[in-house]
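*Asks:* Chain by chain, the residues run as shown.
Protein chains: 2
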Amino acid sequence: MKKITVGLIGFGTVGSGVVKILREKKKLLSEKIGIEISVKKIADKDISAKRNIKVDSGLLTAKAQDVLDDPQIDIVVELIGGINPAKDFIIRALKQGKNVVTANKALLAQDGKELFALARDCNKNIYFEASVGAGIPIIKALREGLVANNFNDVFGILNGTSNYILSQMSDNNYTFQKALAEAQAKGFAEKDPTLDIEGIDSAHKLILLTYLCFGRFVDLKDIFLEGISNVSLDDINYAKELGFEIKLLAIAKKENDSLDVRVHPTLVPESHLLSQVTGVNNAIHVSSDLAGELLFYGPGAGQLSAASAVVADIVDLTQDLKAGLFRPTLNAVADPAITRLCRIDEIESRYYIRFMTSDQPGVLAKIAGILAKSNISIASVTQKEKRKAQVVPIVMVIHGAKEKDLRAALNMIDKMSVIKQKSVAIRIEEE
Amino acid sequence: MKKITVGLIGFGTVGSGVVKILREKKKLLSEKIGIEISVKKIADKDISAKRNIKVDSGLLTAKAQDVLDDPQIDIVVELIGGINPAKDFIIRALKQGKNVVTANKALLAQDGKELFALARDCNKNIYFEASVGAGIPIIKALREGLVANNFNDVFGILNGTSNYILSQMSDNNYTFQKALAEAQAKGFAEKDPTLDIEGIDSAHKLILLTYLCFGRFVDLKDIFLEGISNVSLDDINYAKELGFEIKLLAIAKKENDSLDVRVHPTLVPESHLLSQVTGVNNAIHVSSDLAGELLFYGPGAGQLSAASAVVADIVDLTQDLKAGLFRPTLNAVADPAITRLCRIDEIESRYYIRFMTSDQPGVLAKIAGILAKSNISIASVTQKEKRKAQVVPIVMVIHGAKEKDLRAALNMIDKMSVIKQKSVAIRIEEE
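Listed in order, the protein sequences are those of chains A and B. When the letters of the first sequence are read in order and numbered with our numbering, they come out as residues 1 to 431. When the letters of the second sequence are read in order and numbered with our numbering, they come out as residues 432 to 862.
Calculated from the structure, these hints are not laboratory results. Values in this document were obtained by computation on a predicted structure and should not be read as measured data. Just so you know, not all the hints are guaranteed correct.
[Stated by the list, open to error] Derived DSS-like pairs: lysine-lysine, alpha-carbon spacing no greater than 30 angstroms straight-line:
1) K240/A with K671/B
2) K402/A with K415/A
3) K2/A with K753/B
4) K32/A with K481/B
5) K526/B with K609/B
6) K753/B with K322/A
7) K526/B with K32/A
8) K853/B with K609/B
9) K40/A with K63/A
10) K458/B with K481/B
11) K113/A with K671/B
12) K95/A with K63/A
13) K420/A with K404/A
14) K671/B with K95/A
With these hints in hand, go ahead and build the complete structure from the sequences.
*Replies:* So, in structure tokens, the structure goes:
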């Protein structure tokens, strides 16, 4: 049986999972593909660390160079994450004539364009299924399964940590701080949770989905980004009374000639499948011209789910290597109708708004007056009774309004003496 | 640019969609794959029928033979459906050295084993993405994206017509007959709706999913089959009061050494994503050892969604043909732990039960007594008040019980004079 040889760079959680799967599923995989996949070298800067898998010490090396320079290694699996030295390793692997599998969304979001072009020049491929939605085969679906489709939008819950925190707040009435602390204790959140809770990880993944659906790489700095650290338990509960859940959504939408790309907490109606996605799960919704509205759901993190995707990528590559040919991954083609990015103040949306007001007559009239002058139309309003409270919340849903007009109106409203805290506005997504 | 030549057999709804996509997406596809796909011949027994697409009359032929015998045609797309002559056409195509794309679930469910073996012998492939879930790329996901996984179960809503009918009953309080008539008027149901509403179409698709997940073909006659024609509006409403929707589920589950394969109306809790799948949509849930619990959702029917999948299959084949090589589709490997099929009377499940009783004292005690003797434990009970009614419904949810024990108990109960109609039992799925 033909043998394909793999080298790993990075022997952490996902790397150990990959080795475990290649070992335990050896028979299954060779029966399916008619090829034996063998791991020849594993590089990690700490080769003495205790891991939940034992490997022959001859496989281990502290130098990535040993993997990159080994002429017998066909596929380099990069799992160290981060920009450097991962980028350098991938470049060297391609130049040495090796195919690459990676889960590195941060790197591909930043330098994917350059790396994919280099791979083409080298007649090699970079596969990256594990970089979005862990074991959910979303990249294969967008690239191959939906190959004939043009896309109107792609959006979803792309970060398991944030979704876990929001779910605990919604289901168990936890504050953000308590839910975060619990997520950290359970290992779902890092000690420094910034990347996850501020939406950066979601944005990295969104850049890759946007590339696959619309054929262009968007810069992280051009994505409107709002995390979940300011989502209050009150807003979650008021939203629920109105029939919504609050989710951190990553959204890319085609709007005429522009592409609207953003990450922020969003009210999603209870009747939408995304509102039912709880815990560390992810879900990606795509709207396509032929296959219609699709949703892909599953765990967004986990050793074996990410490793499942890495192994699927390795198998895809072995199929080509077996035949000794280069079959380039399908190009994402730039949608010619899109000529620019949409600025956040251009978007039109429905909004949930919470005003914190002093408990005195005429407050609602003043707020409604300013909104009316700005041509912003109120869909529903609830004044929350808080006994003995000095500050009373007024919760509104407003009909479709331009972000720019809404922001201007809120600025005026927030200057009134009856407004006791900065008003909160959260976008609503109902498609 | 290299050219791959396609011939169609069957120029109905999906066939017209395929031609439309290959024409309108010509530029997109050739940019993605670097190959031009051209349709050389289209066979249909009625070539004079009016269609929503115009084709050069030179392309059309009334004889499938013209497609099968054309040495320039690389891929034969079979879209006539049914067993004969479709099976004969596919066999001849393979023997003539052509790859095959088909959406024919009835044929593959019956003769897939034979046809896939023949394809292997001929060094050709049969692709069939459109046969389950239309444009949802579920077959590619199971075969390639989840290649390293073993599966515990696969189940879902596989028939859009039935789901449309059940949704209209649940959302708009329609009777089954009214919902069916509406579905027929809208073109979602055939004049003879048997295949859809009696679960046969779902079973065909389930056979294919079972093959992909567990590596074995199950005979249609070995699948326990119950359609939706006996689902009453009352049961839908009572289930809703208990927090469930009724869905027609197709289920394949590994239970120790056996495989449990069945299609029947099922109570699904509101909190499960499947309960939110309405209208003609489909959704497939898989439980895998590595990637976890996944769900794939989208329209289960429609000209362009099915054609989207057919074109994706054609593109997959062109990738191999371009390189002039045979890359066989990945084998489904028989799960060695499974040695037999599970009989319906062996299964254990929770159940919803509705008894129709005479309105007199002691009825509930009699029913509960028989259940207790059979070791069947009641989780909840509601006696519905019906003013002036002679017959009173008693609705129960029972804890996990063996189907065999439950059937025996219901037989005894139904013989009592206080029971006025055959009791209704519907299985509950909560995973």
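*Asks:* Hints first: check each against the structure and report whether it holds.
*Replies:* Checked hints:
1. K240/A with K671/B: Measuring from Cα to Cα gives roughly 20 angstroms; hence the hint holds.
2. K402/A with K415/A: Within the cut-off at roughly 20 angstroms; holds.
3. K2/A with K753/B: Status holds; Cα separation ~23 angstroms.
4. K32/A with K481/B: violated, 45 angstroms
5. K526/B with K609/B: violated, 48 angstroms
6. K753/B with K322/A: holds, 16 angstroms
7. K526/B with K32/A: holds, 24 angstroms
8. K853/B with K609/B: holds, 23 angstroms
9. K40/A with K63/A: holds, 14 angstroms
10. K458/B with K481/B: Measuring from Cα to Cα gives roughly 27 angstroms; hence the hint holds.
11. K113/A with K671/B: Violated - the C-alpha atoms of K671/B and K113/A are around 51 angstroms apart, more than 30 angstroms.
12. K95/A with K63/A: With Cα atoms ~18 angstroms apart, K95/A and K63/A stay inside 30 angstroms; holds.
13. K420/A with K404/A: holds, 23 angstroms
14. K671/B with K95/A: Given that 30 angstroms is the threshold and the Cα spacing comes to 61 angstroms, the pair is violated.
Violated hints for the displayed structure, listed by number in ascending order: 4, 5, 11, 14.
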